[in-house]
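Protein chains: 2
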Amino acid sequence: MPLNIYDISRRAGVSIATVSRVLNNSPHVSENTRKKVMAVIEGCGYVPNAFARGLGLNSMQTIGLLCPNASDPYLAQALANLERSFRAHGYDCLLSCTDKELSARMQGVELLRTRHVDGMVLMGSSFIEAEDRNNDFIREAAKAVPILLLNGSFPCDNVYGVLCDDQRAACEATQLLLDSGRRRILYLYHSQNYSGRKKLAGYCDALASRGVELDESLMSYFGEDKTSVYQVRDHLLALERQGLEFDAVFTSEDILAVGAVKYAIAAGKKVPDDLSIIGYNNSSYCLCCNPELTSVDNKLSAICDHIVATMMGVLEGREMPQKTVFTGEIIRRGSTL
Amino acid sequence: MPLNIYDISRRAGVSIATVSRVLNNSPHVSENTRKKVMAVIEGCGYVPNAFARGLGLNSMQTIGLLCPNASDPYLAQALANLERSFRAHGYDCLLSCTDKELSARMQGVELLRTRHVDGMVLMGSSFIEAEDRNNDFIREAAKAVPILLLNGSFPCDNVYGVLCDDQRAACEATQLLLDSGRRRILYLYHSQNYSGRKKLAGYCDALASRGVELDESLMSYFGEDKTSVYQVRDHLLALERQGLEFDAVFTSEDILAVGAVKYAIAAGKKVPDDLSIIGYNNSSYCLCCNPELTSVDNKLSAICDHIVATMMGVLEGREMPQKTVFTGEIIRRGSTL
Numbered sequence: 001m002p003l004n005i006y007d008i009s010r011r012a013g014v015s016i017a018t019v020s021r022v023l024n025n026s027p028h029v030s031e032n033t034r035k036k037v038m039a040v041i042e043g044c045g046y047v048p049n050a051f052a053r054g055l056g057l058n059s060m061q062t063i064g065l066l067c068p069n070a071s072d073p074y075l076a077q078a079l080a081n082l083e084r085s086f087r088a089h090g091y092d093c094l095l096s097c098t099d100k101e102l103s104a105r106m107q108g109v110e111l112l113r114t115r116h117v118d119g120m121v122l123m124g125s126s127f128i129e130a131e132d133r134n135n136d137f138i139r140e141a142a143k144a145v146p147i148l149l150l151n152g153s154f155p156c157d158n159v160y161g162v163l164c165d166d167q168r169a170a171c172e173a174t175q176l177l178l179d180s181g182r183r184r185i186l187y188l189y190h191s192q193n194y195s196g197r198k199k200l201a202g203y204c205d206a207l208a209s210r211g212v213e214l215d216e217s218l219m220s221y222f223g224e225d226k227t228s229v230y231q232v233r234d235h236l237l238a239l240e241r242q243g244l245e246f247d248a249v250f251t252s253e254d255i256l257a258v259g260a261v262k263y264a265i266a267a268g269k270k271v272p273d274d275l276s277i278i279g280y281n282n283s284s285y286c287l288c289c290n291p292e293l294t295s296v297d298n299k300l301s302a303i304c305d306h307i308v309a310t311m312m313g314v315l316e317g318r319e320m321p322q323k324t325v326f327t328g329e330i331i332r333r334g335s336t337l
Numbered sequence: 001m002p003l004n005i006y007d008i009s010r011r012a013g014v015s016i017a018t019v020s021r022v023l024n025n026s027p028h029v030s031e032n033t034r035k036k037v038m039a040v041i042e043g044c045g046y047v048p049n050a051f052a053r054g055l056g057l058n059s060m061q062t063i064g065l066l067c068p069n070a071s072d073p074y075l076a077q078a079l080a081n082l083e084r085s086f087r088a089h090g091y092d093c094l095l096s097c098t099d100k101e102l103s104a105r106m107q108g109v110e111l112l113r114t115r116h117v118d119g120m121v122l123m124g125s126s127f128i129e130a131e132d133r134n135n136d137f138i139r140e141a142a143k144a145v146p147i148l149l150l151n152g153s154f155p156c157d158n159v160y161g162v163l164c165d166d167q168r169a170a171c172e173a174t175q176l177l178l179d180s181g182r183r184r185i186l187y188l189y190h191s192q193n194y195s196g197r198k199k200l201a202g203y204c205d206a207l208a209s210r211g212v213e214l215d216e217s218l219m220s221y222f223g224e225d226k227t228s229v230y231q232v233r234d235h236l237l238a239l240e241r242q243g244l245e246f247d248a249v250f251t252s253e254d255i256l257a258v259g260a261v262k263y264a265i266a267a268g269k270k271v272p273d274d275l276s277i278i279g280y281n282n283s284s285y286c287l288c289c290n291p292e293l294t295s296v297d298n299k300l301s302a303i304c305d306h307i308v309a310t311m312m313g314v315l316e317g318r319e320m321p322q323k324t325v326f327t328g329e330i331i332r333r334g335s336t337l
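Heads up: the protein sequence lines correspond to chains A and B, in order.
When we follow our numbering, the leftmost residue of the first sequence carries the number 1, and every step to the right adds one.
When we follow our numbering, the leftmost residue of the second sequence carries the number 1, and every step to the right adds one.
Hints should not be assumed to be uniformly reliable.
[Stated by the list, open to error] Okay, derived cross-link-like pairs now, DSSO-like style, lysine-lysine, Cα gap no bigger than 30 Å in a straight line:
1. A:Lys270 to B:Lys269
2. A:Lys269 to B:Lys226
3. B:Lys270 to A:Lys269
4. B:Lys269 to A:Lys226
5. A:Lys269 to A:Lys100
[What the hints assert, rightly or not] Not the full set, but computed from the structure, chain B residues with beta-carbon under 7 Å of chain A:
6. Leu79
7. Cys97
8. Ile265
9. Tyr285
10. Cys288
11. Pro291
It should be emphasised that the hints constitute simulated quantities derived from the structure, not laboratory data.
Predicted model, so just to flag it, every value in this text is computed and none were measured.
All residues carry an ideal CB built from backbone N, CA and C; glycine is no exception.
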């Protein structure tokens, strides 16, 4: 099996960055180091990726994509964007759909490693576990190939995150509701992963910024499984029967906001006069509702472009940022005042 | 490079079916033929797929999936189903997203061939061209590996189609509208591929079956590109301004039906009292609308299961049906009487 840049770095006893500098003829390398690295390279037939491309050498020219659920509209769009852009760079994509279990995600990463992919993209923030020792499989995989995180960040060598600042975007969406006079804002979510925790923090930030006390009875968690719009509708009807008052709904995903619209219809409430609603992802669901949903555009297309650019840079031995952060944007439509 | 069953068949000068019978110890092979096939097999180190599995021999254990658009909800769901099921059978999936151009589709198939996949799934019926010589790339690829068509059918050795009877389903949906008293049924579609042509034929069949004359001014083609719900709404508003009368809308995709709902809202028409609407695919869009959309369930999950089962059967040398047809089912909701 041909060696890659990481093998060279280990064998030569220098950092990956140093190997990269040698490969790129950087002047910032001592002659001694250059000789040491070149000896390893010449001894093992390594051809740097940029040269190997098209020659069929040392690289399978394949990127592994790990996707927790290709039928999720957000991830499906990301998959299409990534595949197209990697292919334009001469790389094929090997797809592995893990599910939400940690063991399945570990298995997915392992499977791609055995297939000698040049790099991996872990799609969606569900890969980063709150409990740190559960992230060891990512650290381990990053020793062999670069790992790109779509909408996640994780401080580790050879791991690069490209993400939307979900905490800030969730804060701004909640502030928009507060500043239009709403005070009792339901927060509906169905993920407690990295991005899910950021959104929740943003909701709390907004309340604090406007001096509104946090009321935990206004937060509803729907579990990681696919939530139907009817579950959301029925849950809100039950909250209303229990006497809970609320004048707005902010959700971590558009489909939950669609459920809130269904509740409003069932309860005879007018959107946005009686109830303001904001979703998240700015997916095509937003246009199906009447009124159309205000939602947070989390810049997926730009994130995908940057993932591919970062991966290519790393594979070509260039210095790349370990964290790239985009700012979400609230797209205002008829479901808010 | 290791040989596959097709190479063996060519070298031994016998059919693929005969090689398969030898590999499966079928009694219906002459001793002479058996010896000839076994000589080729032993001479080249071929190990039949079923045995090779897990040993890493003669097979990359990879299925190539060609998907014209992974962000389309129907294809995204299919992708998730197929990947999961192939992985459960020990096969990885190499994904290639072609676009709608014939040349891109040809290139996608060629790319998977060079990666030595064990088989290919062409997803969606846009792969089958109306003009037959444009299908030569499929015939050519089928000489090397089995080709499965998701929702398509094409008479060619080593090509297997698993599909929904879209003509029948479209006919039944149109008949449902006619039998509820509607006479002026708009048909909106945005594909002229195999499945698109079947749906159009079903619409025409239904009119003929109820003695209603076909009026071409009621049929609107929206082009293969992604159609926005606003385009559909504005088109119907324009038709109304031109004085065209219609009391129902049937569409080839749910998203077009969502556009018809938007038209009804803009035109102040009540659904279904003033306008009945039926979509196609029974996607999650149906539940976002108010009223919810009646739609055709085209049995995608069963189709995916059968694609994987058929592929496994072919790779194991078993006799498999070249065409498997499911019947669609109309899911009635609030948008029809």
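(request) Any hints from earlier that this structure breaks? Give me their numbers in increasing order, please. (result) Hints 2, 4, 5, 11 are the ones this structure does not satisfy, whereas the remaining hints hold.
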